[in-house]
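Participant: Chain by chain, the residues:
Number of protein chains: 2
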Amino acid sequence: MRVEQVRGSLVEAWHDVHVAVVDSTGRLLARSGDPDLVTYWRSAAKPFQALPLVEDGVVDRFGIGTQELALCCASHSSEPGQIALVRNLLAKIACSERDLLCGPHPPLSERVASDYATRGVRLTAVYSNCSGKHAGMLALARHHGWPTEFYTRLEHPVQQRCLAEVHRWTELPLSEIGTAVDGCGVVCYGLPLRNMALAYAKLAYAKLAYAKLANADFGLRSADSREGSSIRNPRSAIRIVEAMLRHPELVAGEGRPCTEIMQAHPGRVIAKLGAEGVYCALLRQEGLGVALKVADGHGVAAALALAAVLEELGLRPRPPSLTARPSVNTRGETVGELRVNGRLEK
Amino acid sequence: MRVEQVRGSLVEAWHDVHVAVVDSTGRLLARSGDPDLVTYWRSAAKPFQALPLVEDGVVDRFGIGTQELALCCASHSSEPGQIALVRNLLAKIACSERDLLCGPHPPLSERVASDYATRGVRLTAVYSNCSGKHAGMLALARHHGWPTEFYTRLEHPVQQRCLAEVHRWTELPLSEIGTAVDGCGVVCYGLPLRNMALAYAKLAYAKLAYAKLANADFGLRSADSREGSSIRNPRSAIRIVEAMLRHPELVAGEGRPCTEIMQAHPGRVIAKLGAEGVYCALLRQEGLGVALKVADGHGVAAALALAAVLEELGLRPRPPSLTARPSVNTRGETVGELRVNGRLEK
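Line by line, the protein sequences are chains X and Y.
At position 179 of the first sequence (counting the first as 1) the number is 179 in my numbering, and the numbers step up by one without a gap.
At position 97 of the second sequence (counting the first as 1) the number is 97 in my numbering, and the numbers step up by one without a gap.
None of these hints come from the bench; they were simulated from the model.
Possibly wrong hints are sitting among the right ones.
[Stated by the list, open to error] Part of the chain Y face toward chain X, derived, beta carbon under 7 Å:
| hint | residue |
| --- | --- |
| 1 | Cys184 |
| 2 | Gly185 |
| 3 | Thr330 |
[Said to hold, decoys possible] Pairwise CB distance ranges, derived in the manner of DEER restraints:
| hint | chain 1 | residue 1 | chain 2 | residue 2 | range |
| --- | --- | --- | --- | --- | --- |
| 4 | Y | Asp60 | X | Glu254 | 51 to 59 Å |
| 5 | X | Ser114 | Y | Glu171 | 43 to 51 Å |
| 6 | Y | Val11 | X | Arg98 | 30 to 38 Å |
[To be verified] Chain Y regions said to be covered by chain X (calculated; three or more residues, Cβ under 8 Å):
| hint | stretch |
| --- | --- |
| 7 | 60 to 69 |
| 8 | 166 to 180 |
We put the beta carbon where it would ideally sit given N, CA and C, even for glycine.
With the sequences and hints as input, model every part of the structure.
Facilitator: Right, dumping it as structure tokens:
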């Protein structure tokens, strides 16, 4: 599968895409390119970095709501409402914006960026697309009585706790998870696409298993009876999944691909981008996880590829904005388009 | 050869590079990937789109100077001095900015773009990086008595004249040159990298042959005595080469790769970028032409790759800014770098 930049009758540039589609047992159901490609999970790891908040009782202790929890899993657009929610969360844990160690950057939404530039809004740490995740990490530190300083460092218990969660969901030994510094300063994880997809599939499975068991009145504790499974407490996973499914507008923001994909298929899919061309998704009803990487890191190509993959897996149709992206020149003429070519191998 | 985005100990993304290095007879001296890759020449075709200005007597008729001629070959930075020169050229041919059909866009130089945004400069057509080329095309129309309207269209005699020049220098039959609409609205040309490199090598050869012959007092008319050569009038080519070599600061602008490469090796090299990861160069003393394409269109990767290729061909050292590009996160931490991996095959 590749995403092609077409101009006139020629493919002028192309973006190779590697894809892994797996179920919650780790079985590879479909692929493109190299499903074992090792790369950084980047922001697509956020749901798993937020899981300790539920698992360790942080959410209940501080009364963190589903909107705030969704923002902990988000690469948000820095919309005013999103910023207000992050500030709420900081207030609940008796932290301030000054405790956030993420660096500021122009909002990921062009509309919001342009609005703030016009109005001269000063972009502080809370405007980082990762400020929800950082606020969540501060909450985790507060809850456990760990220092709130230097929480971004690998050796800090917050990062060690997140790393343990990543280990659990990806089923990779800690020694096989690479670590580096992410764009916002926290630890990012290097691992194969197949394991990223497995983690998402297990999130989907937790939700699915819960729904089935709730119907059968089995109770939650036995929800994860599969042998060898590492879904220790499906209830925690379910709360993350529910928060994201309920608030697609907070997972990214108005007009951005994660939000558009989730809003096009309400309750059926979670889509989460990472930087440098990474995209992950879970299909709730199907119990599947998807991880893809555009080899050259092209973000728009990654979003188009994810929409195409999800369509192949049954989420039809793609949102119109993600079917193909017209190329418009400086005179306003449409001179080509960016589009997906190729399919999954099953 | 590829350009790698490294983070921590992993290559997080990569950009495949295709390269052709040829001499003026078309002999392939070095390569990487597919030297016959067909793509659009984009702005790297500008010296050949400017050649009719010299060849047809436009430059002499209107008193177009070397600075203005260099700008006709440029993807300039919209610097105030560059804009003033384009306006000069328009005045000389009794045209106005309103005759320019290029669309406006933010300056390619971030420094200039930020300065204009702060000062509220209204970006009209003359601020397009292609405004020199467009002014040159208007001059060509004026000279021949062709309409100045619709000069961007394929069927207009200006575009047909440029196409003929491209055919002559690339030695490709017209039927094998693809055409499409460029970012600024004029015709762009689809052809193999090898033929792009050939055209640049022939420009270099014209200059080289002239220098040798001038020393031997042979006179210009016999400068191109090689059998089968299509360098019909080396004097025209030499004037293009001289204008660009004399004014590297006009071929792009302060701090931009074409300018930095040319300034690092004064009089020895012309480097000209095109959009979507295309880069061309000529080595004057060596009589060589280079054409490369980053498959995914990444512009910074293309500049790093060109600097590496030129270094292999003897232009040492690379400008420091083009040796590797540090990746700095939102906290100001250096978390990786973009760097070239691999060499030419000879």
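Participant: So, for every hint listed, does it hold in this structure?
Facilitator: Hint check:
| no. | hint | result |
| --- | --- | --- |
| 1 | Cys184 | holds (6 Å) |
| 2 | Gly185 | holds (4 Å) |
| 3 | Thr330 | holds (3 Å) |
| 4 | Y/Asp60 - X/Glu254: 51 to 59 Å | holds (57 Å) |
| 5 | X/Ser114 - Y/Glu171: 43 to 51 Å | holds (47 Å) |
| 6 | Y/Val11 - X/Arg98: 30 to 38 Å | holds (36 Å) |
| 7 | 60 to 69 | violated (count 0) |
| 8 | 166 to 180 | holds (count 3) |
Of the numbered hints listed earlier, the single one contradicted by the structure is hint 7.
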